[in-house]
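Chemist: Counting from 1, position 322 in the sequence shown corresponds to residue 322 in this note's numbering; the numbering is continuous, with no gaps.
I should point out that these hints are in silico values taken from the structure, not numbers from a laboratory. Treat the hints with care, since some could be wrong.
[Said to hold, decoys possible] Between beta-carbon pairs, the in silico distance windows are:
id	residue 1	residue 2	range
1	Arg-355	Gly-628	32 to 42 angstroms
2	Asp-474	Asp-300	47 to 57 angstroms
3	Ala-304	Asp-474	40 to 50 angstroms
Computed from a predicted structure; not experimentally measured. Every residue gets a Cβ at the ideal spot worked out from N, C-alpha and C, and that includes glycine.
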Amino acid sequence: MLTLGALVGRIELELAFAGGVAAAPHEAVRVAGLATLTLPQLLEGEPQRRLEPGSLVLLTEVPFRLRGRAEVALETLLEQLALDRCAGLVVSVLSGAHQPFSLTVREASAALGIPLLITTAPPRTWAEAGRDLTARRLADVESHAGQLTTLVQQLPTRAGDPEAMQRIADWLACALKAEVLVSDPGGVLAASPETAAEALAEAFLRGHREGLARDRSQGPHTRLFPLASSSAGEARPLAAAVGGLPAAGAAAAADDGSTVLAVARRSPSFDEADLRLMRHAARLLGLLDQARREHRAAADAAHAARTAAVELLLDAEVDKARRVMATQAPGLLTPDAVRVFVVDTPQDERDAVLRRCVAGTAGRALVVADPREDRRILVVEPIRPRRTGDAVATELTRLVAELGADASLGGSGTHPMVMVADALQEAITAQRFALRRPDAVALSAQSTDLVSVLPRDAARRWARGLLEPLLRPDAQWEQMRDTLPTALAYPYTVAARRLHVHRNTVRRRVAKAAELLDMDFTTVRDRATAGLALDLLAERQRPERSLTLVGGATPTLEALLASPEARAWADHLLCGARGDRRNLLTTAAVWLAHDAHVEPTARALGFSEFTVRSHLRALESHMARDLGSLGGLRDLQFSLHILAGEVGVTDARGDLCTTP
Numbered sequence: 001m002l003t004l005g006a007l008v009g010r011i012e013l014e015l016a017f018a019g020g021v022a023a024a025p026h027e028a029v030r031v032a033g034l035a036t037l038t039l040p041q042l043l044e045g046e047p048q049r050r051l052e053p054g055s056l057v058l059l060t061e062v063p064f065r066l067r068g069r070a071e072v073a074l075e076t077l078l079e080q081l082a083l084d085r086c087a088g089l090v091v092s093v094l095s096g097a098h099q100p101f102s103l104t105v106r107e108a109s110a111a112l113g114i115p116l117l118i119t120t121a122p123p124r125t126w127a128e129a130g131r132d133l134t135a136r137r138l139a140d141v142e143s144h145a146g147q148l149t150t151l152v153q154q155l156p157t158r159a160g161d162p163e164a165m166q167r168i169a170d171w172l173a174c175a176l177k178a179e180v181l182v183s184d185p186g187g188v189l190a191a192s193p194e195t196a197a198e199a200l201a202e203a204f205l206r207g208h209r210e211g212l213a214r215d216r217s218q219g220p221h222t223r224l225f226p227l228a229s230s231s232a233g234e235a236r237p238l239a240a241a242v243g244g245l246p247a248a249g250a251a252a253a254a255d256d257g258s259t260v261l262a263v264a265r266r267s268p269s270f271d272e273a274d275l276r277l278m279r280h281a282a283r284l285l286g287l288l289d290q291a292r293r294e295h296r297a298a299a300d301a302a303h304a305a306r307t308a309a310v311e312l313l314l315d316a317e318v319d320k321a322r323r324v325m326a327t328q329a330p331g332l333l334t335p336d337a338v339r340v341f342v343v344d345t346p347q348d349e350r351d352a353v354l355r356r357c358v359a360g361t362a363g364r365a366l367v368v369a370d371p372r373e374d375r376r377i378l379v380v381e382p383i384r385p386r387r388t389g390d391a392v393a394t395e396l397t398r399l400v401a402e403l404g405a406d407a408s409l410g411g412s413g414t415h416p417m418v419m420v421a422d423a424l425q426e427a428i429t430a431q432r433f434a435l436r437r438p439d440a441v442a443l444s445a446q447s448t449d450l451v452s453v454l455p456r457d458a459a460r461r462w463a464r465g466l467l468e469p470l471l472r473p474d475a476q477w478e479q480m481r482d483t484l485p486t487a488l489a490y491p492y493t494v495a496a497r498r499l500h501v502h503r504n505t506v507r508r509r510v511a512k513a514a515e516l517l518d519m520d521f522t523t524v525r526d527r528a529t530a531g532l533a534l535d536l537l538a539e540r541q542r543p544e545r546s547l548t549l550v551g552g553a554t555p556t557l558e559a560l561l562a563s564p565e566a567r568a569w570a571d572h573l574l575c576g577a578r579g580d581r582r583n584l585l586t587t588a589a590v591w592l593a594h595d596a597h598v599e600p601t602a603r604a605l606g607f608s609e610f611t612v613r614s615h616l617r618a619l620e621s622h623m624a625r626d627l628g629s630l631g632g633l634r635d636l637q638f639s640l641h642i643l644a645g646e647v648g649v650t651d652a653r654g655d656l657c658t659t660p
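Make a model of the complete structure from these sequences and hints.
Modeler: Okay, structure coming up:
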């Protein structure tokens, strides 16, 4: 858009500021169009309509001097031009006439801020200038429309898009050739270029220190728009709004403490078109900011629900956890079996890694930040019957590989849903072992879990056969199913706390189960065998007694453990320990034979108790198993039996059965 200074510089217009009019304050005034008026028309009361803002009015057919009625009409015209925010008044005079205005008119011009100019160019030349101004204005309108179209195209396709504000900031900085910053009381949300935050902080301080009364051409022209109210106000000087605060705190000092848009450039100053564009951008940024806040609130609520569900699962409150997640993720917690993964990552990267874990698991798992450990992310994956593949484990392994040396991953085997706490402990133990592996990954359920390598149907028939006395109508199977996995893994006091019952109730149920199964649960052997059977029935649906005979005769545990897959599993699990020169497997066999008591084991081996414990810690490291857990004891018990036959295992109500 042309300015008065540019028009004065065009020789063919023969245009100049009238004598006594200071040119400097008016040279940068923008001219939007040309309106022509004759003196007779002025005397008859024209113009009677409002003029477009930025119009330059050309008055023709003027005598050498304006006196009487003409002078009064001219003063009235100046008042109207001021009300309509016009650019100025040009009077066409004869060559050599430099002062057609009286002192009264000049004083009115100065008071109203409407500059007076004179021209000696013929009307034809001004007609061409008018057409040029109209063409330029049309081009500006088309350009502005194109800018708005491009601006709207920056809007995201989904609410809460974290890159949307940055895209608009980048576009606005390019369109205005300026520095753009979007910030709230919490910090910078978008900056273009990246140095904009630092540059605008300097502008805040300078504006507060020096004010805006000085010549602003010596420093950047800066405008601030609070996004919450950008539709209502004009641009305000930044220093006046923020009181000299740094950029990151600018929003805190805005009128309502909202998010703000700040735009700065050194030259030229912003014109009305630039300000309109900034206001439109501020409106869109305001919508994005509102969507961002709502999306964050919804995400916080969802995260709180997921965290509450995981805490309930850790307390064995499965039904309550399912109710919490019923609206968030219907059906996610329906299965009765679960695996748990632990991702360890630097604290300052955990939030970003958490988002990647949520995206990677794609609704197949609960992903939360561990409130007890700043580096840890918990992933709880419900295991559906007859599922195929390990998509969650594969995705987490890929993610940890991309994160590099600072991240590690541990995973548990498959556990009943009521034993999420055990699965978590197993995953934490595996993660500690993962730190010693080149790929920083240790997944107990990935080719090293006994349940996963046994033939499924045959193993479930064996488990039903073993647990058949508990399936009778008078045996209260649901109570036993809920109690035994926890009671076999923990002391009765701890199990009672996890099950929310009295310890005497736990003791009574375990005693009844031991009597029905003809087992001694004070021994590692019987606890491991019963625990394996319960894990195999982890779907936790009440099996029909007749199913023990479906699909062939009930196999024995000996037959299941003799399979090539089970032998490969055991060989893989104990390969590290077998190569240790301390003969760890002998220590392990004697320790299991003494039901995991260190003192009698030390006496039997002729070792100190310290040596036995040292051997067991080394064995844990080789196996990536926690031997303080029932799962770790079970895997050690069965792997030793498979490879060496050194530790006997029990089948239903008696010694190890032979294969029928």
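Chemist: Each hint should be assessed against the structure and marked as holding or not.
Modeler: Taking the hints in turn, this is what the structure says about them:
1. At about 34 angstroms, the beta-carbon gap between Arg-355 and Gly-628 stays in the expected band of 32 to 42 angstroms.
2. Roughly 50 angstroms separates the CB atoms of Asp-474 and Asp-300, a value that falls within the hinted 47 to 57 angstroms.
3. The supplied range of 40 to 50 angstroms is met by Ala-304 and Asp-474, whose beta-carbon atoms lie about 44 angstroms from each other.
The structure fails none of the hints (numbered hints given earlier).
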